[in-house]
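Engineer: On the provided structure of chain A, position chain B with the ligand as indicated by the hints.
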Amino acid sequence: MESVIQDSTPKTLEELKDISSQVRRDIVRMVHGVGNGHPGGALGCTEYFVALYFHLMKHNPDFKMDGIGEDLCFLSNGHISAVWYSVLARSGYFPVAELSTHRKINSRLQGHPTTHEGLPGIRMASGSLGQGLSVAVGAAQAKKLNGDNHLVYVLMGDGEQDEGQIWEAAMYAAHHKVDNLIATVDWNGQQIDGPTVKVMDLKDLPAKYRAFGWEVIILENGNDMAELIKTYEHAKTLTGKGSPVAIMMKTGMGYGVDFMMGSHKWHGVAPNDDQLAQALAQLPETLGDF
Amino acid sequence: MKQFTILDKKDTRSGFGVGLLEAGRKNPNVVALCADLVGSLKMDAFIKEFPERFFQVGIAEANMMGVAAGLTIGGKIPFTGTFANFSTGRVYDQIRQSIAYSDKNVKICASHAGLTLGEDGATHQILEDLGMMRMLPGMTVINPCDFNQTKAATMAIAEHHGPVYLRFGRPVVPVFISEDTPFIIGKALMLNEGADVSIFATGHMVWKAIEAGHILAERGIDAEIINIHTIKPLDKEAILESVKKTGCAVSAEEHQLNGGLGDAIAHVLTSNYPSPLEMVAVQDTFGESGTPDELMVKYGLTSTAIVDAAERAIKRKKEVLA
Ligand SMILES: Cc1ncc(C[n+]2csc(CCOP(=O)(O)OP(=O)(O)O)c2C)c(N)n1
Numbered sequence: 001m002e003s004v005i006q007d008s009t010p011k012t013l014e015e016l017k018d019i020s021s022q023v024r025r026d027i028v029r030m031v032h033g034v035g036n037g038h039p040g041g042a043l044g045c046t047e048y049f050v051a052l053y054f055h056l057m058k059h060n061p062d063f064k065m066d067g068i069g070e071d072l073c074f075l076s077n078g079h080i081s082a083v084w085y086s087v088l089a090r091s092g093y094f095p096v097a098e099l100s101t102h103r104k105i106n107s108r109l110q111g112h113p114t115t116h117e118g119l120p121g122i123r124m125a126s127g128s129l130g131q132g133l134s135v136a137v138g139a140a141q142a143k144k145l146n147g148d149n150h151l152v153y154v155l156m157g158d159g160e161q162d163e164g165q166i167w168e169a170a171m172y173a174a175h176h177k178v179d180n181l182i183a184t185v186d187w188n189g190q191q192i193d194g195p196t197v198k199v200m201d202l203k204d205l206p207a208k209y210r211a212f213g214w215e216v217i218i219l220e221n222g223n224d225m226a227e228l229i230k231t232y233e234h235a236k237t238l239t240g241k242g243s244p245v246a247i248m249m250k251t252g253m254g255y256g257v258d259f260m261m262g263s264h265k266w267h268g269v270a271p272n273d274d275q276l277a278q279a280l281a282q283l284p285e286t287l288g289d290f
Numbered sequence: 001m002k003q004f005t006i007l008d009k010k011d012t013r014s015g016f017g018v019g020l021l022e023a024g025r026k027n028p029n030v031v032a033l034c035a036d037l038v039g040s041l042k043m044d045a046f047i048k049e050f051p052e053r054f055f056q057v058g059i060a061e062a063n064m065m066g067v068a069a070g071l072t073i074g075g076k077i078p079f080t081g082t083f084a085n086f087s088t089g090r091v092y093d094q095i096r097q098s099i100a101y102s103d104k105n106v107k108i109c110a111s112h113a114g115l116t117l118g119e120d121g122a123t124h125q126i127l128e129d130l131g132m133m134r135m136l137p138g139m140t141v142i143n144p145c146d147f148n149q150t151k152a153a154t155m156a157i158a159e160h161h162g163p164v165y166l167r168f169g170r171p172v173v174p175v176f177i178s179e180d181t182p183f184i185i186g187k188a189l190m191l192n193e194g195a196d197v198s199i200f201a202t203g204h205m206v207w208k209a210i211e212a213g214h215i216l217a218e219r220g221i222d223a224e225i226i227n228i229h230t231i232k233p234l235d236k237e238a239i240l241e242s243v244k245k246t247g248c249a250v251s252a253e254e255h256q257l258n259g260g261l262g263d264a265i266a267h268v269l270t271s272n273y274p275s276p277l278e279m280v281a282v283q284d285t286f287g288e289s290g291t292p293d294e295l296m297v298k299y300g301l302t303s304t305a306i307v308d309a310a311e312r313a314i315k316r317k318k319e320v321l322a
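These protein sequence lines map, in sequence, to chains A and B.
The UniProt record's numbering applies: residue 1 is where the first sequence begins, and numbers increase by one.
The UniProt record's numbering applies: residue 1 is where the second sequence begins, and numbers increase by one.
Pairs of lysine-lysine residues, derived as BS3-like cross-links and limited to a Cα-Cα distance of at most 25 Å, are as follows:
no., chain 1, residue 1, chain 2, residue 2
1, B, Lys76, B, Lys104
2, A, Lys104, B, Lys298
3, A, Lys11, A, Lys230
4, A, Lys198, B, Lys48
5, A, Lys230, A, Lys241
6, B, Lys48, A, Lys265
7, B, Lys2, B, Lys187
8, B, Lys318, B, Lys244
9, A, Lys241, A, Lys58
10, B, Lys10, A, Lys104
11, A, Lys265, B, Lys10
12, A, Lys250, A, Lys198
13, A, Lys104, A, Lys265
14, B, Lys245, B, Lys232
These stretches of chain A come out as covered by chain B in the derived footprint (C-beta under 8 Å, 3 or more residues):
no., stretch
15, 32-45
16, 121-129
17, 162-168
18, 181-195
Sample of chain B residues facing chain A (criterion: CB under 10 Å; computed from the structure):
no., residue
19, Val57
20, Asp120
21, Gly290
Derived by calculation from the structure, the hints in this document are not laboratory data.
We put the CB at the ideal spot given by N, CA and C, even for glycine.
Same shape as in the complex, but just chain B:
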């Protein structure tokens, strides 16, 4: 198992803040909007440098999506910023009609996704956003795993034409992707080659997958770990190539079991190469208040849950072969 060094510990939303500033410097058409959460979204640096390219919309997310759609018509590249819940469920039809269906070049940037939002509780902890966004035709859906990857993704989506949902989080987590790792939309990132089981992880679960890889290695299991940062378009080739080699898979995401990465991979596998797949995800329940770590443990989003899932997947593979 390859060693990964923790380069630093930072929140992914700060990666977004830095990436937005860089994107703004590179392209004068990049503009930003926020719904009364500038500090939480780390948009201050962009606002300071480009005050005339920032629009405060107040607590009015539906209006923000519509205004963003309109700004694209003049050739602007709007980045909207609010929490993941208010970026998706709150404004689904505005995104559907004015952005996705109308093919508008809006970048929906969503912080505080998932359980790790913590103490604010279930009203704010959206666990269905990847599903909702994946279902929209033409939408690109990205869930980066650390500060560096979020920064790179933010800059990459500015260059990409079309609607994008970019999801990141609140807590401080390990930075382990090197700064010079290119971010290619739709291209899975191989983290560790292995032969016994394929672990496909996204967002905050990628570091946990690496931790799981070490535990599995101690048990003599050689896990392949692949970072699926782009949920849509999904890198089918990378998934199939890996599972054809290992014969079984685990998905890991900070999201509801229904509709997320696991479902997307299941679709690829059942249609092309039916193989055992174990999903690590929230089991069709709402979250609650608590510290991010407590919640990840209570709802089974841990490295040990990935280890257990890998062992189950391998057992099923052997049963099929026997």
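Same shape as in the complex, but just chain A:
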């Protein structure tokens, strides 16, 4: 098979941390610019996306929908689109300046990711929760049918685990031995109406995935870049062994901006001017703001 890969040169830990700081600036500036959006989950998943696109995945910014010969990433909890858009732009999928159009009219950067406007890097619409794991499983099976030896990554929310379709997909993936898939749950313990334990208790989430036949790893600190990379390198070694792999990634909602951290209050609210200044003061500009 012809390879389309432009292998992104893995970055050093320091470089990855610098990129993360810039991505966090992008996120808060994007939601502030339009006056709404979802900063909390986006900030918490910054290390995940930066590590995938700048270190772990083989991927091609010269975007092709079929993704043959490269690793794929899907975002099921589409409301945290700001972090994905920032990382896609910063890794060369589209101009960084376009980040300023997020959630505004006539933009390719829709409130939730879509394929409809043709934004490079996006392979399915998400936003209505609970659907991404199924799509990722299908894409992983297509890779197998194509003899394409690359991985599929998918991120979900923990509140999103309430949706029954997730468990249909989980059962299916194990039954069909979809072992070229690394699914991650953003285990921040928060959803819109409050902490997950209060809204809908997930109880022993890792045990649930194990009982469905998955290989499960717990990532204790998904905001620690070194630990995150080590965990995913380990997860890669577990692929190809007959079971899908799940990572329960503990993150801090709103991580990196002190007043947003650890609360569902910042799930879907944009900072005002003062709050923006306060946030940016905590996040060094490393690559240049859009």
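Structural biologist: The following block gives chain B with the ligand in isolation, referenced to the frame of chain A:
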């Protein structure tokens, strides 16, 4: 053209919140369920007063519809709350089998309907919900136009036995229906009597129809404006009576062209009294992110679009008569 005073500016979803609390006070069998969107649905006041009559279901809309259906079997009157997209398309078969076909007394209450949901974009902006719900046998479908009407509708559906889809929205819009206007399910509300064209509007488009009525009046056109808050059962008598007088019609809705109010009126007219009908609706496309006002302009859901449609309808009427 009659003058309408803007009494206040409020979101229709808040009318639902207040109506739900009132309905709960009047009838102890009223219970509520929500799928992780309590604040958006304005259910806090009900929850505070009746914590034991509220069920948080998490992000699991299909389960919510099934549980609601089950609660009716013990005589409860469940009100489910989530966004319109997740209240309909997401759970269509659960509504179809467990609620509509099983004739269960569930009130499906849906916020953030249509384009005016705004920046969240097309994944959340359902424009097909009226169509889906209208197609279900036995389903009552209601789309009120302001805070007061939404409050009154919420209380009225608690008294009505049978499945109901109640659709309302996110943005702050004019309140212009007086608090004491009775809400009668299935009975259209005459807002302005006129002779030249009948404008049938629902939801957020009703205020725009009133604005259009003023512009038309300046141009010497006497528009009849009727608020169709109940899409099903549709008030056929009111529609036919009006069009027999004016000879042409305009429909206006924040919904897809296919399947909505315009289609329902077209059916009534073609079967009974064929007349020119111009539809103001989204033209078979998905929405996108943007502010509510920007989107209503871009997708042609404005008072000027209603004015243009009225003029087209009148022109067609004259062509038929000539
Ligand atoms: C099917 C569906 N139901 C409801 C919503 C509304 N909604 C958006 S985000 C969210 C909470 C998601 O919680 P979680 O997955 O934990 O994400 P986090 O809050 O951590 O970002 C809800 C209920 C939705 N987008 N889709």
